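**Student:** On the provided structure of chain A, position chain B as indicated by the hints.
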Amino acid sequence: MNTVSAVWSWLTTAANWSGENGVWHRLEQHLVLTFSCLVISALIALPVALTLGHLGRGGALAVNLANIGRAVPTFAVLVLLLLTPIGRHGQWPTIIALVLFAIPPLLTNAYVGMREVDQNVVRAARGMGMTGTQLVWRVEVPLAAPLVLTGIRIAAVQLVATATLAALVGGGGLGRIITAGFNLASTPQVVAGAVLVAVFALLMEAAFELAQRWAPGWARGRAR
Amino acid sequence: MTAPPPDDCLAHNDWICGDYLSTRRQILLDALLQHLQLTVFSVALGLVIAVPLALLARRRRWTVGPVLGITTVLYTIPSLAMFSLLLPVYGLSATLVVVGLALYSLTLLVRNILAGLDGVPAEATEAARGMGYGPMRQLLTVELPLAVPAAMAGLRIATVSAVALTTVGAIVGYGGLGNLIYAGMNAFFKAQVLTASVLCVVLAVVFDLLLLGVERLLTPWRRASRRAVRSRAATGPKRLVAALGRRT
Chain A
1 MNTVSAVWSW LTTAANWSGE NGVWHRLEQH LVLTFSCLVI SALIALPVAL
51 TLGHLGRGGA LAVNLANIGR AVPTFAVLVL LLLTPIGRHG QWPTIIALVL
101 FAIPPLLTNA YVGMREVDQN VVRAARGMGM TGTQLVWRVE VPLAAPLVLT
151 GIRIAAVQLV ATATLAALVG GGGLGRIITA GFNLASTPQV VAGAVLVAVF
201 ALLMEAAFEL AQRWAPGWAR GRAR
Chain B
1001 MTAPPPDDCL AHNDWICGDY LSTRRQILLD ALLQHLQLTV FSVALGLVIA
1051 VPLALLARRR RWTVGPVLGI TTVLYTIPSL AMFSLLLPVY GLSATLVVVG
1101 LALYSLTLLV RNILAGLDGV PAEATEAARG MGYGPMRQLL TVELPLAVPA
1151 AMAGLRIATV SAVALTTVGA IVGYGGLGNL IYAGMNAFFK AQVLTASVLC
1201 VVLAVVFDLL LLGVERLLTP WRRASRRAVR SRAATGPKRL VAALGRRT
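Protein sequences appear in the order of chains A and B. With this note's numbering, you'll find the first sequence wraps up at 224, consecutive numbering, no jumps. With this note's numbering, you'll find the second sequence wraps up at 1248, consecutive numbering, no jumps.
Worth flagging that the hints you see were computed from the coordinates, not collected in a lab. No experiment lies behind these values; they were computed from the predicted model shown. Ideal Cβ positions, reconstructed from N, Cα and C, are used throughout, including at glycine. It is possible that part of the hints are untrue.
To be verified - To list a few chain A residues with every Cβ distance to chain B over 12 Å, as calculated:
1. T13
2. N16
3. V117
4. D118
5. V122
Claimed, not checked - Rough simulated footprint, nothing fancy, chain A against chain B, three-plus residues with beta-carbon under 8 Å:
6. 1074-1080
7. 1154-1163
8. 1178-1191
9. 1197-1203
Extracted from the complex, chain A is given alone in its bound form (with noise of 0.2 Å):
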């Protein structure tokens, strides 16, 4: 009870809002860094895996690098890199790390969207006489786009959890506020900066979760 008064009063406090280290800043540098990384793998990921996709090669490659992915620590990443020349360069570290993880899951989802295109319609297709850039603009990539789409929600939800540990090796966004308790050694602004990361992260699926809920109809698709 006592904390979660404590925590309470933290998030109330306007000194804890403004400023530097205050959340709106963090917030802000959070968005950024989210946004711009996930902006940067897509141009990187898609026109690749839509290629691939295409062609119908480099299925083993998508799910691999998927799997290797998830056994590389994001943290070891983040400290490799600061080690290295790279490191001195301000956030260039975190923007590597988080647009090295963002990839895979782009890559994969609109690689399998373009895959399970019915291949009776892309026979069809080719029946009309249309060529392969009209197949994959008019055809294939309309239909994958619900996976695609997936793939970009994913990522996104991914690098906002990645911008916060990017706070460990002193980078910024709102994980900074989780670490900068520890330093303080105050349970209450941990947990409070918790709460923020966690609730962000919510809120960035559920935005989400509603923009597909109430795209047009050939962007719907569960996610699969």
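**Tutor:** Frame of chain A; chain B shown alone:
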């Protein structure tokens, strides 16, 4: 004249250093042991909770939504936040890390066990019933064994993820090899960070292979028709799992 400073890889702060391995062997082994214990206990705890949950969801269909919903919400919470949220309950302890990791493994385990149970062919259960098997015997001798491949797929991914996630436990001082990475970061000790990171990945791969071996031992009937089953399995649980993404 003063003695010249030692001219070895530790003094150079090289990434790869044999002297590090020989002088810090005990520290490395202790960290590895802690990592191993945290991973095994958390996945075991997850399994102990997940099996009844999956069975409940199967018996009472209306519980499927809430069970999957709650475990998925837990899975969404970033690990740093998860460990911190459990702080008031467990304090700075190994239990905190074990419970946090167990909560993450729940999602993967429940989903996959459920998928495995749902994948049991109706012919098999009907045949068992026709032979006079009661519900308990049917569950233990027919349904659960047939669900093993899908459940093991979930268990393998949950274990590999737990190995990687244990490192974050360093924030509360119980991160196994993560402790060495954390300390190495603060001291700019490259050899320690790289060695601990590599050991993490090796540990994950060893666990994965061990569980693969266990799976083969548990499902001797699959060896006969492995090719047929593999093509079916490749589209089943793997996709479910790919949709969850990894935990960070």
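**Student:** A separate judgement is required for each hint: does it hold in the structure or not?
**Tutor:** Status of each hint after checking the structure:
1. T13: holds, 18 Å
2. N16: holds, 16 Å
3. V117: Per Cβ check, V117 of chain A is outside 12 Å of chain B; nearest 15 Å; holds.
4. D118: Holds, because the least Cβ-Cβ distance between D118 of chain A and chain B comes to about 15 Å, which exceeds 12 Å.
5. V122: holds, 19 Å
6. 1074-1080: Holds: 5 residues of the segment 1074-1080 of chain B have a Cβ under 8 Å from chain A.
7. 1154-1163: holds (count 4)
8. 1178-1191: This one holds; 7 residues, not fewer than the three required, reach chain A with a Cβ under 8 Å.
9. 1197-1203: It holds: at least three residues are needed, and the segment 1197-1203 of chain B offers 3 whose Cβ sits within less than 8 Å of chain A.
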